Amino acid sequence: MSENTTGNWPLWEVFVRSSRGLSHVHAGSLHAPDATMAVRNARDLYTRRNEGTSVWVVPADAITSSDPDSKGGYFESAQGKSYRHATYYTKSEGVKHL
Amino acid sequence: MTEQTTSTENSVDQQHFDTLIADDSRIEPRDWMPEAYRKTLTRQVSQHAHSEIIGMQPEANWITRAPSLKRKAILMAKVQDEAGHGLYLYSAAETLGTPREVLNEQLLSGKAKYSSIFNYPARTWADMGAIGWLVDGAAICNQVPLCRASYGPYGRAMVRICKEESFHQRQGWEILYELSHGSKEQKQMAQDAVNRTYGPALQMFGPPDADSPNSQQSMEWNIKRFSNDELRQRFVDMIVPQAEALGLTLPDPDLKWNEERGHYDYGQLDWDEFMSVIKGSGPCNVQRMQRRRKAHDDGAWVREAAEAYAKRQMQAAAEAAGSADDNEEVSIVAGRASAELIGA
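Chains as they are written, first to last, in our numbering: chain L, 107 to 204; chain C, -7 to 336.
Source of the hints: derived by calculation from the structure; they are not laboratory data.
It should be emphasised that the depicted structure is a prediction, and the values quoted were computed from it without experimental measurement.
Backbone N, C-alpha and C fix where the C-beta goes; we use that ideal spot for every residue, glycine too.
Take these hints with a grain of salt, some might be off.
[Said to hold, decoys possible] Counterexamples of contact, computed for chain C against chain L with all Cβ distances above 12 Å:
1. 96
2. 117
3. 203
4. 279
[Claimed, not checked] Taking CB as the label site, the calculated pair distances span:
5. C:178 <-> L:160: 27 to 37 Å
6. L:180 <-> C:200: 21 to 31 Å
7. C:292 <-> L:180: 43 to 53 Å
8. C:260 <-> L:171: 50 to 60 Å
9. C:22 <-> L:128: 23 to 33 Å
10. C:212 <-> L:191: 47 to 57 Å
11. L:192 <-> C:26: 33 to 43 Å
12. C:205 <-> L:171: 36 to 46 Å
13. L:172 <-> C:26: 15 to 25 Å
14. C:212 <-> L:204: 29 to 39 Å
15. C:154 <-> L:171: 50 to 60 Å
16. C:61 <-> L:132: 33 to 43 Å
Given these sequences and hints, build the entire structure.
See the structure below:
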């Protein structure tokens, strides 16, 4: 937490559930002195037109992300495994409900 | 790491960046990007944010004098939106690595620029109409292509902003419509406001292409999708029939349909005035900055109080957790209690 009073507050990432039945989705970020203010500010900033039924705020520095320098290498193992997809199996074409 | 490997890595980074741009894909905050790209975007996005914040002033000027409670509520919602737009954009700008307090300081010190249009005064209620219709209209025209800007956070902020701007433009048009269908004096007031705003609104797209040296690079980076003159033409073509529907005229004797081009021709704009307003000699430059600084200073006690409160709540929560010691269940309960306290 910052010591000065120049508005140098922690950064919070904001996630909004746009309607019941859907996941929270990242909407943006904001600065606020604490979690309660962050939630209130998030409501005013990201849901002025009924865009949300629920809001999460997460301290930005609490997020761990995958290594951006790997340039996709990190996710490569999923490539070349087309047999994980239904479209890989073609013999059943023309057979209904399959 | 030797210099050689560094330069090899940079060229690999550059290639990856170039491929993403060539594929019309998006650059995200933690991707490598050329310094010039980062710098250009930081400047553009933060100037855009500053414009939204300063842009609150001409309209805030009329909140207390709005002609009805309904009009006042609408105007307050619009000014609140402008603040919101500023915050979306600061949030996007910050992902490029410049902290908020630095961006804020650049605005307050006068180092950063904001859109020149906000250095003109809003003289009458009709200006609320002309600003909504023409200024927000020009902004939309400029901003819709920015929804596809190559920098992800900027594009996403623009999508949100554009959705809200269409309310601004329509409410402005409606103010002018009411006035132009009112008394003779009201119609004249609407016409005067349009006359004042037309030229500066067309200049919001920036200097003519020949005098806009940085545009080319921005277009190569897929930040900018259309040239200043292309967007200006698009805007003129849109507003001519809109003015007709209002029963008002646009103050440009050279404005006429060009069958051959399939566009409206329009007259020369006063670029000397434009440059002089940018350089600080507009009618309201000094006032806008004074108000902004005063608002920032006057709000200091609120920021201090909020921070002091947050700090005390954290200490209280830490003490409660400490006294609970190694009894996990009690510490969870204490945590909840303090959360409720904050929520109260």
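To see whether the hints hold, each was checked on the structure:
1. 96: The claim breaks: residue 96 (chain C) does not keep its Cβ more than 12 Å from every Cβ of chain L (closest is about 7 Å).
2. 117: Residue 117 (chain C) clear of chain L: closest Cβ-Cβ about 24 Å, beyond 12 Å.
3. 203: Answer for residue 203 (chain C): holds, closest chain L Cβ roughly 35 Å.
4. 279: holds, 23 Å
5. C:178 <-> L:160: 27 to 37 Å: This hint is violated: roughly 46 Å between Cβ atoms.
6. L:180 <-> C:200: 21 to 31 Å: violated, 47 Å
7. C:292 <-> L:180: 43 to 53 Å: holds, 45 Å
8. C:260 <-> L:171: 50 to 60 Å: holds, 52 Å
9. C:22 <-> L:128: 23 to 33 Å: holds, 26 Å
10. C:212 <-> L:191: 47 to 57 Å: violated, 37 Å
11. L:192 <-> C:26: 33 to 43 Å: Given about 41 Å between the Cβ atoms, the range holds.
12. C:205 <-> L:171: 36 to 46 Å: holds, 37 Å
13. L:172 <-> C:26: 15 to 25 Å: With Cβ atoms ~23 Å apart, the hint holds.
14. C:212 <-> L:204: 29 to 39 Å: violated, 49 Å
15. C:154 <-> L:171: 50 to 60 Å: violated, 28 Å
16. C:61 <-> L:132: 33 to 43 Å: holds, 37 Å
Hint violations for this structure: numbers 1, 5, 6, 10, 14 and 15, all remaining hints satisfied.
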